[in-house]
Amino acid sequence: MCKKGLSITRIISLKRFISLFLCVILILSIVGCQSSGEKASEGEKSVTSSAEKDNKSNDSSTEKTIVKLTMLTSAATNQPAKDQDIILKELKKQLMEYNIDLDVNTLTDYSNQLNVRIAGGNIPDIFSAGKIEYVEFAKQGILLQLDPYMNNLPSVLKNYSEDIINQAKVDGKMYGISKRPYVNYDLLFVRKDWLDKLGLEVPKTLDEFYNVAVAFRENDPDGNGQKDTYGFSTGGQGIRGFSPIFGAYGTTTPTNIYVVDNTLKYSTTEPMFKEALAYIKKFIDSGAVDPEFLVNTTEVGRQKMFMGQVGMAYFQWSEMTKPPFGDQLKEADPNAEWIYIEPLEGPGGKYLTSTSKAVGSFLCFSSALEKDRQKLEAALKFADLITEGPIHNLLCYGIENKHHKVENGKIVALPEIGEVSYSWVYQLTGRNEMEYLIAKYPICENEIIYAATAPMIETLNGYIINPEGFNYGDLSKYESDEVIKFIYGQKDFSEYDKFIETCYSAYNLSLYLEEAEKQLKQFGILK
Amino acid sequence: MVRKTSDIIFDFIVYFSLIFSCICILFPLLYVVSVSLTPYAEVIKNGGFMVIPRKITFESYILFFKESRLPRAYMVTIFITVIGTFLNLLFTTTLAYPLSRKNLPGKNKILFMIFFTMLFSGGTIPTYLVVKFIGLLNSVWAMIIPGLVNTYNLLIMKNFFANIDESLFEAARIDGAGETRVLVQIVLPLSKAILSTIGLYYGVAHWNQYYSAIMYIDDSDIQPLQIVLRQFLAGSENDITKYNPDIEVAPESLKMTAVILTALPVLIVYPFLQKYFTQGVMLGSIKG
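The listed protein sequences derive, respectively, from chains A and B.
Every number in the numbering used here is 43 more than the matching position in the first sequence, counting from 1.
Every number in the numbering used here is 1112 more than the matching position in the second sequence, counting from 1.
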């Protein structure tokens, strides 16, 4: 009896304990949320009050308080520690003259890390975002709407073309500053010494290209008596490695939109595209293409070129002739002579590859800046400073007279510029690409100019904000998977129509094309 | 004793498969070592693949130690491994011990609450929010405190403690020992095996700490080794920077050096803890 009573009181006390415990947790969590919210608003108040104070003190004296800003961007492979980061130190020093105290953090797995921070409400004042994230953030109202403040950005207005500025518009409103886009770096390289050895001419047409590749495979161009060479390869490009062939057929790699004579074209559904695939299949069947063509990483592809395993390659000059690779090539084989060649001529014209002038990433501001006038102005000032002028030059070419010097108003890189090669991580608004590249890599000047100016098909996918119910990544993956099946003979071309049909039915291609047409008209690309 | 043919065949198969799997494990390691020691031009001349280096250079190792982020990353990782493992063990034992006692009121309910976290977790963003509100963001403690007690390790330890003979506790209590004294002077000395096993689990997890650093650490000055390693190996491969001609990918030898330097400490510690390791797991599972 007594025992039972004891256990009952024990149960009751346990139940009480648990319910009390749960209540405490509940209250704590609520209080926790509230207090943090209060804190934030208190913080704002204190900032505004300090701003008011500043205004008052501004009236009496010219003294200004220092504005703290936080910034997030992606890290470079060779990013140094903060206290050894010459560029960051100098940047902070120079920004101090504008009373801006910038706290920069660089992240490794940038887009994922940024997403978590934003979802967690931990939004940096200034950050960079890729196109897809940018549009998402803009729609969620996380980003500062820039339209009223465009006049605070004179360097941007001066250096940017209207097209590039306008690409930052989401639903007609500006939420960020476009990072000036890159240009094309891909070239078609051929080994001149092998051509000479086999008595061949530089290939000009698709047929000649085919013959040269087969000759490089069959006729032992390296003279070691073994059939160990391939005609054509690439690195890190996958199916894009075949771009010069698609270009000769007047089209591009799969899943691309381009405009010919004011009509919208979609590469995969073009008749010429199918013909290009037939050519590529024939080319692969000849055995002249590196069997690992699609899976070569940039390093592996380059290694194959340097080791004399391939005679022609679709490669970026920045991965091939830019230091230190140029010297490595000479060291590996002093006789090797690589030249870049003109686009191949084919039934569809003569295009080296496809390129895009679309902006891939944007400089964004947190919408919270709007509540703090002083911070907002500082952030805009920062964006303007990194777009043109001494600070822009610092982020591009390092410190004057240490990493670069100015001769007759032109910037000349000094050998020490190599130690700040990571400085691009801070170029959130980009740079004047051609001027920059030629100043920085004068040894590659010819390649830089040719790769950027060769005849190319301009793809327009980057302009388009994908409609709801359409997943570009899925379609792109499906198409390249199928295309690979066709060119490697795992699927017969009789099934090609079925493949196109699936693109429309299962992946909603028509929705995308309609939307693309509408949006390109808004940009004035289609009339 | 005469050995039967079948025994010999059996031994042969066993030895063969063991030696074969040994080679499978050692060969990539050897490759990593030799690439890290060979100049790039030499690699190319040898067809891009070599096992025994002919020319040796320590250039990439020297480069690595000049690399400003590495020493700091080492310090961070050593800190979270040493302090983190100590705290892990402290909190895991002090939770496991009471739970292993049969007379603890509400034991099953507490156990259920703990076990529940094995089945359901709060998810990435809520966890991030918790860490944020506690004020751990951008602090080394964010890599230690959120995973202070691992449920799985806790259950192993609890079961081990539960298997210690009850009479030992009774004897201690008769001698006037309180719970703390029982834990420190009776239970812990008997549990060296499980402590080193669990300690190793925790230690290796801390050494390989990546996820919490990715989540909670912005400041590059307190990023642990694995983050720096990833940056070397993969660069920042995202669409923002994909076609940037400024990107410099670390040469293969430097990548391999990074792999060696990060794997080496664990490789060295492992054999010394291994005897406890096997012993510990066996004791935990079989006895009782």
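These are computed hints drawn from the structure, not numbers from a lab.
All C-beta atoms in this analysis are idealised placements derived from N, C-alpha and C, irrespective of residue type, glycine included.
Hints should not be assumed to be uniformly reliable.
Calculated cross-link-like contacts (lysine-lysine; reagent style DSSO-like; alpha-carbon spacing at most 30 Å) [unchecked claim]: (1) A:Lys-448 - B:Lys-1178; (2) B:Lys-1244 - A:Lys-111; (3) A:Lys-414 - A:Lys-400; (4) A:Lys-125 - A:Lys-324; (5) B:Lys-1157 - A:Lys-373; (6) B:Lys-1178 - A:Lys-125; (7) B:Lys-1387 - A:Lys-373; (8) A:Lys-445 - A:Lys-111; (9) A:Lys-414 - B:Lys-1244; (10) A:Lys-135 - B:Lys-1178; (11) A:Lys-125 - B:Lys-1167; (12) B:Lys-1167 - A:Lys-132; (13) B:Lys-1244 - A:Lys-135; (14) A:Lys-240 - B:Lys-1157; (15) B:Lys-1167 - A:Lys-270; (16) A:Lys-445 - B:Lys-1178; (17) B:Lys-1178 - A:Lys-373; (18) B:Lys-1178 - A:Lys-132; (19) A:Lys-111 - A:Lys-182; (20) B:Lys-1387 - B:Lys-1304; (21) B:Lys-1157 - A:Lys-270.
Under 7 Å between C-beta atoms, here's a sample of chain B residues computed to sit facing chain A [unchecked claim]: (22) Met-1327; (23) Arg-1342; (24) Lys-1387.
FRET-style restraints, in silico, Cβ to Cβ [claimed, not checked]: (25) A:Lys-247 - B:Leu-1376: 50 to 58 Å; (26) B:Lys-1304 - A:Glu-462: 33 to 41 Å; (27) A:Gly-369 - B:Tyr-1173: 38 to 46 Å; (28) B:Val-1163 - A:Gly-369: 27 to 35 Å; (29) B:Gly-1235 - A:Leu-554: 26 to 34 Å; (30) B:Gly-1235 - A:Glu-462: 16 to 24 Å; (31) B:Met-1162 - A:Glu-560: 53 to 61 Å; (32) B:Leu-1142 - A:Glu-318: 17 to 25 Å; (33) B:Gln-1297 - A:Glu-462: 52 to 60 Å; (34) B:Phe-1198 - A:Pro-191: 53 to 61 Å; (35) A:Pro-197 - B:Met-1162: 55 to 63 Å; (36) A:Val-245 - B:Met-1162: 45 to 53 Å; (37) A:Met-477 - B:Met-1162: 37 to 45 Å; (38) A:Glu-335 - B:Tyr-1173: 40 to 48 Å.
Here's how the hints hold up against the structure:
| no. | hint | result |
| --- | --- | --- |
| 1 | A:Lys-448 - B:Lys-1178 | holds (27 Å) |
| 2 | B:Lys-1244 - A:Lys-111 | holds (20 Å) |
| 3 | A:Lys-414 - A:Lys-400 | violated (35 Å) |
| 4 | A:Lys-125 - A:Lys-324 | violated (51 Å) |
| 5 | B:Lys-1157 - A:Lys-373 | holds (12 Å) |
| 6 | B:Lys-1178 - A:Lys-125 | holds (14 Å) |
| 7 | B:Lys-1387 - A:Lys-373 | violated (53 Å) |
| 8 | A:Lys-445 - A:Lys-111 | holds (29 Å) |
| 9 | A:Lys-414 - B:Lys-1244 | holds (22 Å) |
| 10 | A:Lys-135 - B:Lys-1178 | holds (24 Å) |
| 11 | A:Lys-125 - B:Lys-1167 | violated (35 Å) |
| 12 | B:Lys-1167 - A:Lys-132 | violated (39 Å) |
| 13 | B:Lys-1244 - A:Lys-135 | holds (27 Å) |
| 14 | A:Lys-240 - B:Lys-1157 | holds (21 Å) |
| 15 | B:Lys-1167 - A:Lys-270 | holds (28 Å) |
| 16 | A:Lys-445 - B:Lys-1178 | holds (20 Å) |
| 17 | B:Lys-1178 - A:Lys-373 | holds (27 Å) |
| 18 | B:Lys-1178 - A:Lys-132 | holds (19 Å) |
| 19 | A:Lys-111 - A:Lys-182 | holds (27 Å) |
| 20 | B:Lys-1387 - B:Lys-1304 | holds (11 Å) |
| 21 | B:Lys-1157 - A:Lys-270 | holds (18 Å) |
| 22 | Met-1327 | holds (6 Å) |
| 23 | Arg-1342 | holds (6 Å) |
| 24 | Lys-1387 | violated (37 Å) |
| 25 | A:Lys-247 - B:Leu-1376: 50 to 58 Å | holds (55 Å) |
| 26 | B:Lys-1304 - A:Glu-462: 33 to 41 Å | violated (51 Å) |
| 27 | A:Gly-369 - B:Tyr-1173: 38 to 46 Å | violated (26 Å) |
| 28 | B:Val-1163 - A:Gly-369: 27 to 35 Å | holds (29 Å) |
| 29 | B:Gly-1235 - A:Leu-554: 26 to 34 Å | holds (32 Å) |
| 30 | B:Gly-1235 - A:Glu-462: 16 to 24 Å | violated (43 Å) |
| 31 | B:Met-1162 - A:Glu-560: 53 to 61 Å | holds (55 Å) |
| 32 | B:Leu-1142 - A:Glu-318: 17 to 25 Å | violated (49 Å) |
| 33 | B:Gln-1297 - A:Glu-462: 52 to 60 Å | holds (59 Å) |
| 34 | B:Phe-1198 - A:Pro-191: 53 to 61 Å | holds (55 Å) |
| 35 | A:Pro-197 - B:Met-1162: 55 to 63 Å | holds (57 Å) |
| 36 | A:Val-245 - B:Met-1162: 45 to 53 Å | violated (35 Å) |
| 37 | A:Met-477 - B:Met-1162: 37 to 45 Å | holds (41 Å) |
| 38 | A:Glu-335 - B:Tyr-1173: 40 to 48 Å | violated (31 Å) |
In this structure, the earlier hints numbered 3, 4, 7, 11, 12, 24, 26, 27, 30, 32, 36, 38 are contradicted, and the remaining ones agree with it.
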